[in-house]
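Colleague: Got chain A; can you put chains B and C on it based on the hints?
Chains as they are written, first to last, in the numbering used here: chain A, 206 to 492; chain B, 980 to 1769; chain C, 55 to 224.
There could be a bad hint or two in this list.
Taking lysine-lysine and the DSSO-like style, the derived pairs with C-alpha atoms no more than 30 Å apart in a straight line are [as the list claims (entries may be wrong)]:
#, chain 1, residue 1, chain 2, residue 2
1, A, LYS485, B, LYS1765
2, A, LYS469, B, LYS1759
3, A, LYS245, C, LYS134
4, C, LYS60, B, LYS1040
5, C, LYS180, B, LYS1700
6, A, LYS286, C, LYS180
7, A, LYS252, C, LYS134
8, A, LYS245, B, LYS1040
9, A, LYS361, B, LYS1094
10, B, LYS1094, C, LYS60
11, B, LYS1430, A, LYS485
12, C, LYS60, B, LYS1043
13, B, LYS1094, A, LYS243
14, A, LYS485, B, LYS1756
15, C, LYS134, A, LYS243
16, A, LYS291, C, LYS134
17, A, LYS469, B, LYS1762
18, B, LYS1175, A, LYS469
19, A, LYS481, B, LYS1765
20, B, LYS993, C, LYS218
21, A, LYS469, B, LYS1430
22, A, LYS245, B, LYS1094
23, A, LYS485, A, LYS271
24, B, LYS1035, A, LYS245
25, C, LYS60, A, LYS245
26, A, LYS210, C, LYS60
Sample of chain A residues facing chain B (criterion: CB under 8 Å; computed from the structure) [unchecked claim]:
#, residue
27, THR395
28, HIS465
29, THR468
If you are wondering where the hints come from, they were derived from the structure by calculation, not from laboratory data. The beta-carbon is built from N, C-alpha and C at its ideal position, and this holds for glycine as well.
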Amino acid sequence: MRFEKYCQPTTTSECVSLLKTYGSEARMVAGGTDLVPKLKSRAVRVKAVIGLEKIAEAKQIIINEKGLELGALVTLRTVSKSSEIKAKWPALSEAAGHVSSDQIRNIATIGGNVCNASPSADALQGLIVYDAIVNIVGENGTRKVPIVEFFVGPGKTVLEGGEFVISFTVPTPKENSGATYKKFALRGDTDISIVGVGSNIALDADGKVASAIISFAAVAPTPIRSTEAESLIMGKQLTDELIDEAAELIGNNCSPITDHRATKEYRVEMIKVWAKNALKDALARTK
Amino acid sequence: MTRFIGKYVGQNQKRIDAYEKVTGRALYATDVAVQTRDAVHMHALVSPYAHAKITKLDLSKAEKAPGVVGIITGEEPGIDWESFPKDAIMAQNNEVIWAGQIVALVAAETLEQAKDAIELIDIEYEVLPHVLYYWDTIKPDPVSVVDPMWGKRDVVTDRPMDEIDERVSPNVVGAYKLDTGNVDEAMKTADIIIEKEFYTGKKTASQMETPLCTCIYEPNGKIILSSNGMGVHGVVKMGLSKMLGIKENMLRVVSPHNGGSFGSRLAPIMEVLCIMMARKIKRTVIYRLTREQQFTTAPSNWPGISKIKMGAKKDGTIVALDWYVAEECGAAINNSYFTGRMCASGANMCYDFGEARIDSCAVTTNTVPAAEYRGLGVPESEFAIECVISEIADQLGIDQLDMRLKNLLRKGDKNCVGEAITSTGLEDCLKSVYQSVKVDEPSIQDGSVWKRGKGIASAGKQNTPLGRSEATVLWNSDATVTLLLSNDENGMGATTALKQIAAEVLKMPIENIEVIRADTDATPYDNYGASSRTTYTTGNAVRIAAMDCIQKLRDEVGRAIGVHPINVEIEGTKAIVHGYQVPEIEIDTLFKPINFFEQGNFGLMKGTPVRGHGVYCPAPVLQWGADGRCARQWNWYQYSACAAEVEVNEETGEVRVIKFASAADTGNPINPKLVEGQIEGGVHMAIGFSIMEDHFYDKNGMIANRNLGDYRIPTIMEMPKNENVASIICPDALPDGPFGAKGMAESITVPVAPAIAEAVYNAVGIRVDSYPMTAEKVLKLIKEKKEAAN
Amino acid sequence: MAIVDKSYERVTVNLVVNGKDYTVDVAPFKTLQDVLREDLNLLGTKVGCEDGNCGVCTVLMDNLAVKSCCVLAPQAEGHKITTIEGLEKEDGLHPLQQSFIDYFALQCGYCTPGMILSAKALLMEKPDATEDDIREALHGNMCRCTGYKKIVEAIEAVRDGEYKDSCGEV
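Just chain A, with the same shape it has in the complex:
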């Protein structure tokens, strides 16, 4: 691994200007657990690496009546263990807690997980199920992007030159809602997910589905939501039969790949199994 310079900007504008200067010859580092192995293997080559550790806003956690302002540099350990985050956004804590092992979570960050943009990533699924907003800083100020629109391909995001992610806004969950994230892998959290399913169900006064988010890891080039399945269950009682139907629909509509972790046939089977489990679990949590 080699690069020429390590930069530690102290303000967001300094960071923006460094990013503009170096362009594609610089990468941001957060925890380093994704970037450093890539630099070592020379899969990524840069002139400069930029760390945000001196920017205080990147580490903030602010909870108010609107929701949660979660700094990009908050570690997955903190997200998974914070009692305030667990209390209101349990699926976010769980999703962060499913990443690899303690050692990784102790330094890996929620922002790093999002910007690394792996289609198999777990922690970011916890943001998707709560319909979070990504707060991006660039030379023209801040802009906001809904989390699921942030990803455009494996490892690719909507970030333009000179832009970086400073924080996430996670709205307070609706009344009568429940959310969950299920990771499926053969060696538990150690492995990259074979499939992951997140779900957030909100019920109306009659117990019918008022809103739904069903999201997936490792079944497409990016993290995705299944809008067909979400529409299917809207306005209905979420019975076991409807859950089965939704799972079949999802399985038949997705096209995962075969790789050295799993075949596409198996992934399709597992999507159905875990979509069911996620929907049941989210429903149970609405109480």
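Modeller: Chains B and C in isolation, oriented as in the chain A frame:
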């Protein structure tokens, strides 16, 4: 021979290397490299294609790159490449035959510079068709012939190899057949016949420390070599003399602490290439394989493919075994090692089959060449035998334990090869694991998607009589002892056990003994730590050396005081003397002091130890006849039984081992806690290859899962919780072992997969035909069963 | 290293390692693992893989277990680093070191420094850690030799106070 428990032998002596390992003071090859000054770093360029012609290889830019000191390719003149271990044979004749084969080695002042230079190598390939699996390579006209020169060379081998009379494929490179003479008639008397095919995955030892070798170049051209390889004398020094003509007095091989071997470091793949570069550029060289290269360029282990037919009477007596087994040994050229016989030996240990016919062979493919690995082929082959026996028992309604006990070979019985079993504790092993897991009681189901079941299996593992071990005991003039050994210490604790043996024989407090290990300029010959031979072979050498030392001490003490040695006994630091005015003498007082006026030429002299030496080599094996049989084909057998309880997820196919008991017959244990450690570690490793470990290839035939994130070695989570893990020692003393010890480390890996397979059958009613029993495979079988039922 | 390589801009990093203050002047791309081994001669932190999977490089950063192969040296600034060398005291071994010896919780020993440090971090956070807690805390430390059973026994012995009198606190 009854079980021996002495003052040291049979006790749980703490490991002699534990202090340095828990404090971080232990230096491994990777640490020695950091401390070595003025070294160049060597890095390998490996082929990304399983089979290709190199159409262009232009080194000119690389040679001029900053810091580059030397480059080696397969064209290096004056090298007898075919004598090299297979994984170290660099691409020959502009052809690469597996993805991971080394094309060029670049040495530069820093590792980064070596990597930069490698990127400047201008190389082009013409991709050729490849074969990756047994079924593609066994065809009469395979799309790739891995070693076209096979059979046309003058092959010098010190291993007996059978002739292959008719090859069904040009990729068959070894054969072994056995026939007791009447299999077909015997099979006709069977009430039940099961005929099945099995196969296994391909695995990598994945020691935690990746391979690394440092060659220090001395001014006179002598090399001091330090690596995490094995066998400083037998493998490295003698091997390199043979391969490169290095004179014995120009090479010193030392062995720092070692981060694991499991047999896989038996071939000096690192040492031969490192020393080649060091001698070429006359510089100190450090050569390390990355974790990825450990998968692609360090040895794999061979899959076993079986077609097995077994017949039995309705009371469970086995009457005939008709068995084809193939070893898939990767891209071996000039194979003189794999013949099928190692896998075939799976039939030798446990059972009386009545009549047996074994047709075995070895085939090559364009994959990482295989080398020794814990189990030496029998986990793969006994899987087939055990699964069929379990199925016969189930079909006949006979209890799994009874079925096995009915057919077990007992001491003195002859196996299908014609050898008499000299020692077996298998019956006790089976009974104890059966009781421990309560195999006769079905699993308790909890109504969830996780279904539980239990299974049991037997196993044996052959010990190859692998040459000699020597040991020297130096009884110093201050009554301390130095033990000189060249055994391997890969973590199993062999050195501790050997020290215990020395202390026992010398009756010497163990704290008085220090070990110097594995320095070819200081310690005597030992072949290597393989096939579980160290406790047996080196242990015997230590016993002999200690006894030799005692005899010499008796002579010297007798001479010093004027008493016949027959009346002198040695006990630790004392001589017990009969017929003398003093019954006990501290021996160190008899060494003449260092004083210019009183030193002499003879007898006990201060500063000069009394030296005892021991050499032990097992009796040679016999060459077998055309029927593959003889009275001594292997040295002895170690045994194990395993009972496992699993849970299988009906929706995902996941298999989890939730409880196991493993019993091992290791002969009398020298150190029971060390034996337990081998049992727990061995079963854990076997759980890995039974349910998770395998090579997956990309479209170029390169291992796609070449890292520990995707090559699934088991973590702590894959081990059952402690209260569900039982390690049991059921020794049957080996008559020729030191204090009745055999050796162990391997037998426990063998029964795990078939025990799991039978447990899976009892859980979800499906029979696997292969391992690893991955979730995908198991789910497919579960679904097929459901569909067949509908 | 006195010879200066001008192709990169060195960084000055202030580290506290095993209670001692260091200021190092290193290449920006050095990892914490490199600095510990190459510049501070602390070879107890091992090298296992290039991709953050095996765990033999585990050290503690502010009493949390981290994989030092993934931490760039400048990112270690301002943190309290503990390596295996920091556990042995003048008057004896750390309780986990002694228990690992007594319970035969090691074989080749290559994973042992990382394993002990992960266990220390766990017991500092959860003095009453259950076996499930131990398994969760240690699954990032891969061991190929022991099968883990004796490692768990050694940690439980410390948890249960067996070494409090002889070796002190975790």
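Colleague: Tell me if A:THR468 is really an interface residue toward chain B, meaning its C-beta lies closer than 8 Å to one of theirs.
Modeller: Hint holds; A:THR468 Cβ to chain B Cβ min 6 Å, cut 8 Å.
Colleague: For a C-alpha distance cap of 30 Å, please report whether A:LYS245 and B:LYS1094 respect it.
Modeller: Distance ~11 Å between A:LYS245 and B:LYS1094 Cα, so the pair holds.
Colleague: For the pair we were handed, A:LYS481 and B:LYS1765, check the Cα-Cα distance against 30 Å.
Modeller: holds (20 Å)
Colleague: Are the Cα atoms of A:LYS469 and B:LYS1759 separated by 30 Å or less?
Modeller: Roughly 13 Å between the alpha carbons, so the hint for A:LYS469 and B:LYS1759 holds.
Colleague: A:THR395 was flagged as interface toward chain B. Is the shortest Cβ-Cβ separation under 8 Å?
Modeller: Hint holds; A:THR395 Cβ to chain B Cβ min 5 Å, cut 8 Å.
Colleague: Could you grab the alpha-carbon distance between A:LYS361 and B:LYS1094 and see if it respects the 30 Å cut-off?
Modeller: holds (28 Å)
Colleague: For a C-alpha distance cap of 30 Å, please report whether B:LYS1094 and C:LYS60 respect it.
Modeller: Distance of about 19 Å is within 30 Å: holds.
Colleague: Does the structure keep B:LYS1094 and A:LYS243 at a Cα separation of 30 Å or less?
Modeller: holds (15 Å)
Colleague: Straight-line Cα separation of A:LYS469 and B:LYS1430 no greater than 30 Å?
Modeller: Cα-Cα ~25 Å, so holds.
Colleague: Would you mind confirming whether the straight-line C-alpha gap from A:LYS485 to A:LYS271 stays at or under 30 Å?
Modeller: Status holds; Cα separation ~27 Å.
Colleague: Taking 30 Å as the top limit, are the C-alpha atoms of A:LYS485 and B:LYS1756 close enough?
Modeller: OK: A:LYS485 and B:LYS1756 at ~27 Å, within 30 Å.
Colleague: Just to be careful, I want the Cα atoms of B:LYS1175 and A:LYS469 compared with a cutoff of 30 Å; is the pair within it?
Modeller: The hint holds at about 29 Å.
This entry satisfies every hint, going by the numbered hints stated previously.
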